[in-house]
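**Q** Chains as they are written, first to last, in the working numbering: chain A, 1 to 390; chain B, 1001 to 1390; chain C, 2001 to 2395; chain D, 3001 to 3395.
Treat the hints as calculated values from the structure; they're not laboratory data.
Keep in mind that a hint or two might mislead.
[Claimed, not checked] Calculated Cβ distances over 12 Å to all of chain C for the following chain A residues:
1. S26
2. A109
3. S129
4. G216
5. G380
[Said to hold, decoys possible] Distance condition first, Cα-Cα at most 27 Å in a straight line; then the derived DSSO-like pairs of lysine-lysine:
6. C:K2317 / C:K2275
7. D:K3146 / D:K3207
8. D:K3207 / D:K3048
9. D:K3048 / A:K4
10. C:K2317 / C:K2190
11. B:K1004 / C:K2317
Ideal Cβ placement from N, Cα and C applies to all residues, glycine included.
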Amino acid sequence: MDFKFTDEQTMVFETAAAFLAEASDSAAVRSAMVAANGYQPGDWQRLCEEMYWQAILIPEAHDGLGLGFVEIAGILEKMGERLYCGPFIASAVVATSALAAAGSDQQQASCFPRLLAGQTAALAYLGRSDLWDSGAVTATLVADGDNWRLNGDYQLVAHAAGSDFLLLAAKRPNGELAIAIVETDSAGVTITGHPTMDQTRPLATVTAVDVTVTAGQLLNSGGCCAQLVDDLADIGAISLAADQVGGSQQSLTAAVDYTQERVQFGRTIASFQAIKHKAADMMLKVEAGRSALYYAACVAELWRQSSAAPGQLAEAAAMAKSYCSDAYYFVSGTAVQLFGGVGITAEYDIQLYFKRAKSTESYLGSGNYHRERLAEQLLGPASPADQEAL
Amino acid sequence: MDFKFTDEQTMVFETAAAFLAEASDSAAVRSAMVAANGYQPGDWQRLCEEMYWQAILIPEAHDGLGLGFVEIAGILEKMGERLYCGPFIASAVVATSALAAAGSDQQQASCFPRLLAGQTAALAYLGRSDLWDSGAVTATLVADGDNWRLNGDYQLVAHAAGSDFLLLAAKRPNGELAIAIVETDSAGVTITGHPTMDQTRPLATVTAVDVTVTAGQLLNSGGCCAQLVDDLADIGAISLAADQVGGSQQSLTAAVDYTQERVQFGRTIASFQAIKHKAADMMLKVEAGRSALYYAACVAELWRQSSAAPGQLAEAAAMAKSYCSDAYYFVSGTAVQLFGGVGITAEYDIQLYFKRAKSTESYLGSGNYHRERLAEQLLGPASPADQEAL
Amino acid sequence: MNLAQNRADELFRSEVASWLEQNLSGEFAQLRHRGGPGDEHSFVEERKAWEQCMAAGGWTCIGWPEQHGGRGASIEQQVIFNEEYARAGGPGRIGHIGETLMGPTLIAYGSAEQQARYLPGIREGREFWCQGYSEPSAGSDLGNVKTRAEQAAESGEWRINGQKVWTSWATESNYCFVVARTQPGSVGHKGLGFFMVALDQPGVTVKPIEQLTGSSEFNEVFFDDAVCADSDLVGGPEQGWQVAMALLGFERGVSTLGQQMLFQNELDEVIALAKSNGSYRDVTIRQRIATAHTGLRIMRYNSMRMLAGGEDGSLSKEAMIYKLYWSSWHRNLGNLAMDVMGAQAQLLAGDGYQLSRLQGLFLYSRADTIYGGTNQIQRNLIAERALGMPREPRG
Amino acid sequence: MNLAQNRADELFRSEVASWLEQNLSGEFAQLRHRGGPGDEHSFVEERKAWEQCMAAGGWTCIGWPEQHGGRGASIEQQVIFNEEYARAGGPGRIGHIGETLMGPTLIAYGSAEQQARYLPGIREGREFWCQGYSEPSAGSDLGNVKTRAEQAAESGEWRINGQKVWTSWATESNYCFVVARTQPGSVGHKGLGFFMVALDQPGVTVKPIEQLTGSSEFNEVFFDDAVCADSDLVGGPEQGWQVAMALLGFERGVSTLGQQMLFQNELDEVIALAKSNGSYRDVTIRQRIATAHTGLRIMRYNSMRMLAGGEDGSLSKEAMIYKLYWSSWHRNLGNLAMDVMGAQAQLLAGDGYQLSRLQGLFLYSRADTIYGGTNQIQRNLIAERALGMPREPRG
């Protein structure tokens, strides 16, 4: 048990901070916000070439870096600090994790080089948006001779538009889940990007109509993937928590800096105790969120190494996502307040953090959603009917 | 529609404040806290003789004052300010309201003179403590020749110990509710007082074993009293809200006074902005609670005059009790914090307000309990099963 | 204290309702439920026409004394009017700053000449007003106003130089009331004047501020030798503070009732959405909706208690909580609306950055706790003026 | 950064568990789960005997260096020890102030003579310590300490006069460490000394403070010409501030882990009660229990992050949040416990004012946000020292 970064990790994070400060500065973010798919493809290529972060979770045997989730969490923190807009979580974390966990040798050999070269992928599974685990899958996969036909709608798929291939979850007639690797340009696949309130996180609807799927496209030899979808949702939630910690930290830093400059009533507003106490409350939440995140990152790494205890990933993800979601909303909202009038102008960036706080709060489950998951672990189900069904 | 007190009402409240400042000062409260039934009988007699407040809700035809709930609410506010310990709510508000609303001429002619003379009564109906309306009644009333036999346990009955007679709610075999006037010293009635965390509000268990009840003892000619019990619970809740507003006001006043005296770091702590802002938040809640209370008092008065709209009393009580409960807990807890070290000593009174805030919060339904009642009015029931049952 | 409504009030209610029923139709039907918070700039010309229609019916400025063209309506009647207006889906008022702030201030502090010049334009829905209090470096601290007004010795005319900010409606208004420093070198509350400045003149530039909503509810207003006749100074050249404070009193007065009706419409929309999208089953959402309902009702009773105190704009100290209370309530409602929508709340309809009413509410309401005195300033005021705690030292 | 536990740590864990299993039995069995917050004064003599039993087994002061009688246990091992101690229901430690505050401070700043004199008594569970920092008029502001220490010219002996307050354990302790002003007329952090004062002497009077719980967790300690040898001054007569700050650093260090285990026991009791009385069905209770669970786990990871930084008592600036964090968490747990009990929470068992553990928790935890620096003071410290915001001006 050790809560200290290695020297290598510290170096990775310092490099990340320096790179992103330049490559994801305010101008770059605002350019990505209005770009076709929510990011500038050239920026992504540059990140892939200069940083090679798309390779972190790809095994060394496949020319990846073979690093782990602690590195991922630290880099995501820095991305959160800079409102980074590219498809890193969708492709380099979630989709890559799916392929690493359940891809056949052949699938890995075909997909990993593409990802390493800068292509991107996205996992789609949400048929409904009030649940965030495998229970939300509504698409269907039915046999059609030697192949299958996949049909269904997927909502709120982050970074689907612009991706090169998709991982589509679907239900077999017996209720088991499968995940199919499907090219974006396959017949029957439609991706519709939507404008979003938080313009730094693009969302799309994916529709599959009679999409032909071969055996070779199914992950895990076509075996049941419900647990995998659940786990990937947790991996996604932990990734968002990392983004939230970074965004919270930057909101705090920016607000404290601003209050040290802004003069009202003849004093910097940082000298007012009410402002100082708000800042103290913000820092408490930032640091507590960071602790929850680092624990969750360690658990995610255990999961990657197939050595997490049952329920451990779910618990860690629920704690991190619930705490960090609420913390980011509080911290960025308070930061807007401390900025005062300019905080609500389009010109200042702090409002972008506030919007990202709200969009990452609800995505993959709000604080309340994840607390209820924890409550079920601690107390059992709430309703007597569910209780009896056990 | 008019939100101003009449001159008469203002005078009543000023008199009340002056009387209670002396008759319910800290020494009187602390003496009551350790008295046998939670109050000094002599103090109650004095209040009845000098103030005649037990007569407020008794009709003039029965030698009462024939005033209304606005007067009651204002006096209860003053009582809350002084942590008044006597059985005013139990006897002069709730039990008196029950008799006024549903007592026969004969019952009123026999009970009102006793109450005017200083005897006291209490309503008991709670067979369980997770519900606060007529659904909580578990005692039974079964026919026995010309009479009935009443059996059951009643929990958390405020000011039952020391009372002269009881109003006992019980279920008939057909599920209808009845309320019986029962002398405290009747055969089969046992009242057990309990020590309580908040020593200013005594609670007792009442047990009835084969208590004989005659037709003349049943309110409302023995007719169904479920609605009456529900209404009395709401009257009780509004009364507690009044106590809470008064207690909140006094907690705020005492805390502000203390911070103006206490010097730390070379300044009165009232000059620290963090303290000022806490006080501002406290005042906001006190005043908002007072507004909720005054509306509820007006609705209770409409109810007394049988002219409230259906659901109006329930809504007003739920709004007042939920807001004022949470406000009192917040305001008194913050006051303890502003008092600092001395706030948690037995010597200072502020902790007594904090305890009373907590005891009145849960009693007759917490904030959450009453908000769920409002939600049901606004949104319908939460569970699909209940929804279908409609 | 009682809730009964008398017969005259009931008649008044049906008169309002039937007038609105008949008139909010035809060309005006499209205005129903439009122009609320976050939607202020929809149908501006049509809504100005609607103001004139209301004026023709005698339904503007009903609380003003009859001698100034009002109906001398009682507080109760004004409450009723606002209730019925909201029930009918009456559009957000464009004339409200003139009707509820500038008009009552002129009635209390203006000269007969000023009243004769400006009240009819307000009452008839022809002339619209905006507010010039806040400044970039002063925030909402009037004592720190830097805008200067200098009087020409011969003409008596004032020349105004400086900048105001957070001025709603500046693009659609004819006049702005401006607090400016008439005594060079004066500090704090002394040496301020209260000027009625025409916006349609070369010395005034209005620059909309793009906000986080993508729209521009607020403006910067630049005064560069803007001209104001001496007859458009309200009170003396050193009475600006008193006049401005009286106006703020009106801001916390009857004008709040109309705002609350808009809030009620928003809350109703949130409740309807919760019922239709299934989130009504979520106990935490239920609790928050009940809290919002209770909070809005209390806001109303707060107002009525305060208004019961007096009708002269000098409210009781309890009125000091009003801004903190409503801005916090409204901000919470915005967040509740988003949570009722769930993750779907992120999706915008159409192209560009087009927010639905509830999405706009969420973002726009973040301004509420800032403009017109931040929540921090409000808490200072409550502590110092209502609770008598020590004043915050200046640096 | 990883969560793996190595083989040596696993062996250590079973060694602790089996020792506790064997020894927390017989006469000591009754001590299981006793002596936690709000229950400190139960079985004091028995728990002192238990401390000596632990000492005999080598289980006190395990984090101390071996040269001072400890085991030189790593942070991980200390975590493991505390976990197993809590799992076994080990009673609240009476020696914790000596073990986790005074001992480490003496090891860092004491002379060899002082170490030889006092460390064995602590390690062997023979001598117990309490803390003399706060004063009635100074609150927790050490810079405002008024207690005076004057040195006799010939003997070098110090005479101490003044009053301390909020001193836990003063009635059961042998020694108190006292911060007192050695330079008459000095102000702030200068001119303070750090003294180890024997309580069993005529110049010391201990007066328990009756609290809202009806019990007396805290005391006033009066020094009236109390005597302290010059050899019992830690550091020089003007180094009291530095020594006291280092001690506060230890307070935020490893000693927090034991406290967290007691918190876990309390939370477990709340969860068990919710399951048994049906309140687990209440969604709002479920949310709060999940919040409490998350909060306590985060408290642990907070500590481990801070401890990973250094083992010398000089913690990272993130450690400044510790007191505010735990006190707020604990206070919320107390309120949650009451709400899980519902209205029944009002009923006390037995006669007199006997609180159950959870009832006591509710009332007692209100002190947590006050003593040892109120939450307000903590926020000042965080803003000023961790975030670099301007210092609060003194009057």
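**Q** Compare the structure with each hint and give your call.
**A** Verification of the supplied hints:
Against the 12 Å criterion, S26 (chain A) stays outside the reach of chain C, whose nearest CB is about 15 Å from its own CB. No Cβ of chain C approaches the Cβ of A109 (chain A) within 12 Å, the least distance being about 35 Å, so the stated non-interface status holds. With a closest Cβ-Cβ approach of about 5 Å to chain C, S129 (chain A) is found to fall inside the 12 Å limit, against its non-interface label. Non-interface call for G216 (chain A) relative to chain C: holds, since the shortest CB-CB distance, roughly 33 Å, exceeds 12 Å.
Its beta-carbon lying about 17 Å from the closest one in chain C, G380 (chain A) satisfies the requirement of being farther than 12 Å from that chain. Pair hint K2317 (chain C) plus K2275 (chain C) does not hold up; C-alpha atoms about 39 Å apart against a cutoff of 27 Å. The suggested pairing of K3146 (chain D) with K3207 (chain D) holds, with an alpha-carbon distance near 19 Å, which does not exceed 27 Å. As the CA atoms of K3207 (chain D) and K3048 (chain D) are separated by approximately 22 Å, the hinted pair is consistent with the 27 Å bound.
Straight-line distance between C-alpha atoms of K3048 (chain D) and K4 (chain A) comes to about 37 Å, which puts the hinted pair past the 27 Å bound. Our distance criterion of 27 Å between C-alpha atoms is met by K2317 (chain C) and K2190 (chain C), whose separation comes to about 23 Å. Taking the CA atoms of K1004 (chain B) and K2317 (chain C), the gap is near 15 Å; set against the 27 Å cutoff, the hint holds.
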